[in-house]
Structure formats: C-alpha cells, structure tokens
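Novice: Please construct the entire structure, taking both the sequences and the accompanying hints into account.
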Amino acid sequence: MYEQHVSVRRLSELTGIPKSTIGNIMNEKYSPTMDNLERIAQALQVRISDLYDSPCK
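Residues 15 to 71 in my numbering are what the sequence shown lists, from first letter to last.
Be a bit skeptical, because a hint or two may be false.
Said to hold, decoys possible - The calculated DMTMM-like cross-link candidates involving lysine to aspartate or glutamate, where the alpha carbons are at most 25 Å apart (straight line), are:
id, residue 1, residue 2
1, K33, D49
2, K43, D64
3, K33, D64
4, K43, D67
5, K43, E27
6, K33, D67
7, K33, E52
Don't read these hints as lab results, they were simulated from the structure.
For clarity, every value in this text was computed on a predicted model and none was experimentally measured.
Specialist: Rendered as structure tokens:
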C-alpha cells in the first residue's frame, strides 16, 4: 500500500473495508480474512502473496 501511495481512506473506498479495519490490519492488531486479502489485492492490482512479507513466500 505504501509503495503505491494509496491512503487508508482511498483503500477503504476501493475495497469497502472500513478504515478502522484496514488500520488494525496494518498495525497487526487483526489478522485479515481471506476475503479482505482478496479485496485489497484486487484494489491494488497485486497478488495476495505480495501483501505480506515472509521468508516462506
């Protein structure tokens, strides 16, 4: 999200996910559901695997 310079507000508009939920996902307070991951990936035009940093990618 930061690499594409998309605000939380804009991502919320694109996905229909509340800003508070996006913020909590970003701050690692919530684990995103698969549905939310799919919506975010689609809005950012990336693969779901691009949304997380893992050595097991």
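Novice: Would you mind marking each hint as holding or not holding in the structure?
Specialist: Cross-check of the supplied hints:
no.: 1; hint: K33 x D49; verdict: 16 Å, holds
no.: 2; hint: K43 x D64; verdict: 20 Å, holds
no.: 3; hint: K33 x D64; verdict: 21 Å, holds
no.: 4; hint: K43 x D67; verdict: 16 Å, holds
no.: 5; hint: K43 x E27; verdict: 21 Å, holds
no.: 6; hint: K33 x D67; verdict: 22 Å, holds
no.: 7; hint: K33 x E52; verdict: 16 Å, holds
In the structure shown, no violation is registered for any of the earlier numbered hints.
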